[in-house]
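K.L.:
Given next are the chains, with one letter for each unit.
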Amino acid sequence: MADVKKDPLTIFSRPEALSSNITSYCPGCTHGVIHRLVAESIDELGIRERTVGVAPVGCSVFAYNYFNVDFMESPHGRAPALATGFKRIRPDMIVFNYQGDGDLASIGMSEIIHSANRGEKITVIFVNNAIYGMTGGQMAPTTLPNQKTTTSPMGRDVSKAGYPVRMAELLSSLRTPGYIARTAVHNPMLIVDAKRKIRRAFANQVEGKCFSLVEVLSTCPTNWGMAPDAATKWLEDNMVPYYPLGTFKTPEEESA
Amino acid sequence: MAKKLMKGNEAIAEAAIRAGATNYFAYPITPQSEVAEYLSHRLPEVGGVFVQAESEVAVGNMLFGAACTGKRAFTTSSSPGVSLMQEAISFMAGAQVPTVIVNIMRGGPGLGGILPAQSDYMQAVKGGGHGDYKVIVLAPSSVQEAVDLMMLCFHLADKYRNPVMLIGDGMIGQMMESVEFPDKYDEPPLPPKDWALTGAKGRKSYIIKSLYLDPAQLEENNFALGRKYEKIKQNEVRYELYKVSNKNRILIFAYGTMARICQTAIDELEEEGISAGLFRPISLFPFPEKEIYREIVKPNVETLLTVEMSMGQMLEDIEKSIMGIKPLGFFGRTGGIVPTPEEVKAAVKKQLGQGK
Chain A
1 MADVKKDPLT
11 IFSRPEALSS
21 NITSYCPGCT
31 HGVIHRLVAE
41 SIDELGIRER
51 TVGVAPVGCS
61 VFAYNYFNVD
71 FMESPHGRAP
81 ALATGFKRIR
91 PDMIVFNYQG
101 DGDLASIGMS
111 EIIHSANRGE
121 KITVIFVNNA
131 IYGMTGGQMA
141 PTTLPNQKTT
151 TSPMGRDVSK
161 AGYPVRMAEL
171 LSSLRTPGYI
181 ARTAVHNPML
191 IVDAKRKIRR
201 AFANQVEGKC
211 FSLVEVLSTC
221 PTNWGMAPDA
231 ATKWLEDNMV
241 PYYPLGTFKT
251 PEEESA
Chain B
1001 MAKKLMKGNE
1011 AIAEAAIRAG
1021 ATNYFAYPIT
1031 PQSEVAEYLS
1041 HRLPEVGGVF
1051 VQAESEVAVG
1061 NMLFGAACTG
1071 KRAFTTSSSP
1081 GVSLMQEAIS
1091 FMAGAQVPTV
1101 IVNIMRGGPG
1111 LGGILPAQSD
1121 YMQAVKGGGH
1131 GDYKVIVLAP
1141 SSVQEAVDLM
1151 MLCFHLADKY
1161 RNPVMLIGDG
1171 MIGQMMESVE
1181 FPDKYDEPPL
1191 PPKDWALTGA
1201 KGRKSYIIKS
1211 LYLDPAQLEE
1221 NNFALGRKYE
1231 KIKQNEVRYE
1241 LYKVSNKNRI
1251 LIFAYGTMAR
1261 ICQTAIDELE
1271 EEGISAGLFR
1281 PISLFPFPEK
1291 EIYREIVKPN
1301 VETLLTVEMS
1311 MGQMLEDIEK
1321 SIMGIKPLGF
1331 FGRTGGIVPT
1341 PEEVKAAVKK
1351 QLGQGK
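Protein chains in written order, with the numbering used here: chain A, 1 to 256; chain B, 1001 to 1356.
I should point out that these hints are in silico values taken from the structure, not numbers from a laboratory. You may find that some hints are simply not true.
Straight line, CA to CA, 20 angstroms or less: simulated DMTMM-like cross-link-like pairs of lysine to aspartate or glutamate [said to hold, decoys possible]:
1) B:Lys1201 / A:Asp43
2) B:Lys1193 / A:Glu49
3) B:Lys1193 / A:Asp92
4) B:Lys1290 / B:Glu1272
5) B:Lys1201 / A:Glu40
6) B:Lys1231 / B:Glu1319
7) B:Lys1184 / B:Glu1010
8) B:Lys1204 / A:Asp43
9) B:Lys1201 / A:Glu49
10) B:Lys1204 / A:Glu40
Distance ranges between label pairs, derived from CB positions [claimed, not checked]:
11) B:Met1122 / A:Ile22: 43 to 53 angstroms
12) A:Ser24 / B:Pro1044: 42 to 52 angstroms
13) B:Val1046 / A:Asn117: 18 to 28 angstroms
14) B:Lys1204 / A:Leu45: 15 to 25 angstroms
15) B:Pro1044 / A:Met109: 24 to 34 angstroms
16) A:Pro244 / B:Gly1335: 52 to 62 angstroms
17) A:Ala230 / B:Ser1055: 38 to 48 angstroms
Quick partial rundown of chain A residues pointing at chain B, CB under 10 angstroms, derived from the structure [to be verified]:
18) Ser19
19) Ile22
20) Thr23
21) Thr51
22) Gly53
23) Val57
24) Val61
25) Tyr64
26) Asn65
27) Phe71
28) Ala83
29) Arg88
30) Met93
31) Glu111
32) Met189
Computed from a predicted structure; not experimentally measured. Glycine included, every Cβ here is placed at the ideal spot set by N, Cα and C.
Sequences and hints are given; from them, build the entire structure.
P.N.:
So, in structure tokens, the structure goes:
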């Protein structure tokens, strides 16, 4: 692949930060697109050789096979703690977490909030597909009201399970400066937006600025029980209204 | 360097710095919070990292991330806090990441109390988390030994790429004794840390992980760990004998502070004409099984006694070591109650068939 890249006629190739391994992701899942945007950002910022990733527990546990950067594999939800330990000792290196919604918003809620609140200078890519994917489609803290999963077969009952957690908004409420944004990748326009935000989240760290988190809404056709195109439409019709896209916080403005 | 009067907790903290461990992550818990208080001002002086974490769950995992840099990192805690770290300890053992965890034990179970205990022996020695793994466990019986062993912990962690635990009861942490520090920890050469994550520059990317979905690969990792633990058992057994002679009618087994109390009891028994010896395991894993057997087979030894500040945890390893060839008694106090030499003496006499 490296050879192909040198060809002057090549206008599109695999980023150097992305490995040539075939992923374990299901057809129609957007992890692949998000991986690519992360890898492009790493390449463009010229930081591949000093980047360390932290893989979560969940479908993207194998992220360590798909990037050409050093990787640590974290216990479930603890990626922000590993990233903190590493980054504090090696502030010259770039540390990013790649976490799903079960990992970050459920079991890892404490670690993500406190890392953000300490203002750890790390980059978090938070992939929200409103379900537990790896374990077979159970209800997540991000599962929408009335959404059917294997542990909410009648649909999420908000009187018992509460409402889905909006992580970007929750983290934006912290007084500590940070960069918090939400985006999606289910159409080309949004892919461009996602790329801009992910790159910003890495650039903030390169510039030594702040904690940065980009929430990316993602599909899970397999566990939603939908064809990829139907899943894309479902995301747009159901997730986007509940999880509005945008930039919630930047280091320049401090929330009151 | 001149001798200094220091509290155990602070001496442990300073020993770590002398061993080149300047990265510390912790959550406050009695009876060892002095370590964090000391390091919160001492580490910035030496350009180290001090992070007060949100929980011991986070502490364990910060330690995991920290150790992946290849730099020495450690934490200190007490029993309930160490329970919360077991997840990370299992992951670090599986991924072969060297770290040092200090447990200044307090009484349990549950929230228990804040006074000295030795009731986390099983958790430390048998692998407190999930999976087939071992951590090296060392137990000091004085503040000076805590200093010496703390430094050794870092060496052993790096030598074997394994978590190492220093366990002391609350007394070790709280008591003040005179200690001497080397200016620099003089240690034998160590293998290069060619596994550390330093960025994939001019090499392929490194992955530090404990996940092996292929059962054959996972088994191979467990076999490799097993071979390492065997090597540790061969090389790292440590213990001390006190007044062990061919006159001993009884051998006492105790570790940590409890061993010092037993020494006083042995001195007093000697004056009464009863010859008792002490076998003090210093490494609890690896456990000095063969060395214990070698002592207890001696014909003069009539009987044996294990004394602990627990309901009898090291007792099980003693039972295993003696293979049932001599009678073994147990005396323990728990809940933060420290046995007195008088109580130990009474237990010895009872075991010798002279008591009530």
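K.L.:
Now look at each hint and say whether the structure bears it out.
P.N.:
Evaluation of the provided hints:
1. B:Lys1201 / A:Asp43: Judged against 20 angstroms, a Cα distance of about 13 angstroms means the pair holds.
2. B:Lys1193 / A:Glu49: holds (18 angstroms)
3. B:Lys1193 / A:Asp92: holds (19 angstroms)
4. B:Lys1290 / B:Glu1272: Between Lys1290 of chain B and Glu1272 of chain B the Cα gap is close to 31 angstroms, so the pair fails against 20 angstroms, i.e. violated.
5. B:Lys1201 / A:Glu40: holds (17 angstroms)
6. B:Lys1231 / B:Glu1319: Distance of about 23 angstroms is beyond 20 angstroms: violated.
7. B:Lys1184 / B:Glu1010: holds (17 angstroms)
8. B:Lys1204 / A:Asp43: Answer holds: Lys1204 of chain B to Asp43 of chain A is near 16 angstroms, not above 20 angstroms.
9. B:Lys1201 / A:Glu49: holds (5 angstroms)
10. B:Lys1204 / A:Glu40: holds (18 angstroms)
11. B:Met1122 / A:Ile22: 43 to 53 angstroms: With Cβ atoms ~45 angstroms apart, the hint holds.
12. A:Ser24 / B:Pro1044: 42 to 52 angstroms: holds (44 angstroms)
13. B:Val1046 / A:Asn117: 18 to 28 angstroms: Given a distance of about 27 angstroms, which is inside 18 to 28 angstroms, the answer is holds.
14. B:Lys1204 / A:Leu45: 15 to 25 angstroms: holds (21 angstroms)
15. B:Pro1044 / A:Met109: 24 to 34 angstroms: holds (30 angstroms)
16. A:Pro244 / B:Gly1335: 52 to 62 angstroms: holds (55 angstroms)
17. A:Ala230 / B:Ser1055: 38 to 48 angstroms: 41 angstroms Cβ-Cβ, so the 38 to 48 angstroms window holds.
18. Ser19: Holds, because the Cβ-Cβ distance from Ser19 of chain A to chain B comes to roughly 8 angstroms (cut-off 10 angstroms).
19. Ile22: violated (15 angstroms)
20. Thr23: At about 15 angstroms, which exceeds the 10 angstroms cut-off, the nearest Cβ of chain B leaves the hint on Thr23 of chain A violated.
21. Thr51: holds (7 angstroms)
22. Gly53: holds (9 angstroms)
23. Val57: holds (9 angstroms)
24. Val61: This hint holds: Val61 of chain A lies near chain B, its Cβ roughly 6 angstroms from the closest one there, short of 10 angstroms.
25. Tyr64: Because about 5 angstroms separates Tyr64 of chain A from the closest Cβ in chain B, which is inside the 10 angstroms limit, the hint holds.
26. Asn65: With a closest approach of 8 angstroms, the Asn65 of chain A hint holds.
27. Phe71: At 5 angstroms from the nearest chain B Cβ, Phe71 of chain A passes the 10 angstroms test, so the hint holds.
28. Ala83: holds (6 angstroms)
29. Arg88: holds (5 angstroms)
30. Met93: Since chain B brings a Cβ to about 6 angstroms from Met93 of chain A, closer than 10 angstroms, the hint holds.
31. Glu111: holds (6 angstroms)
32. Met189: violated (32 angstroms)
Going down the numbered hints, you'll see the structure goes against 4, 6, 19, 20, 32, while the others check out.
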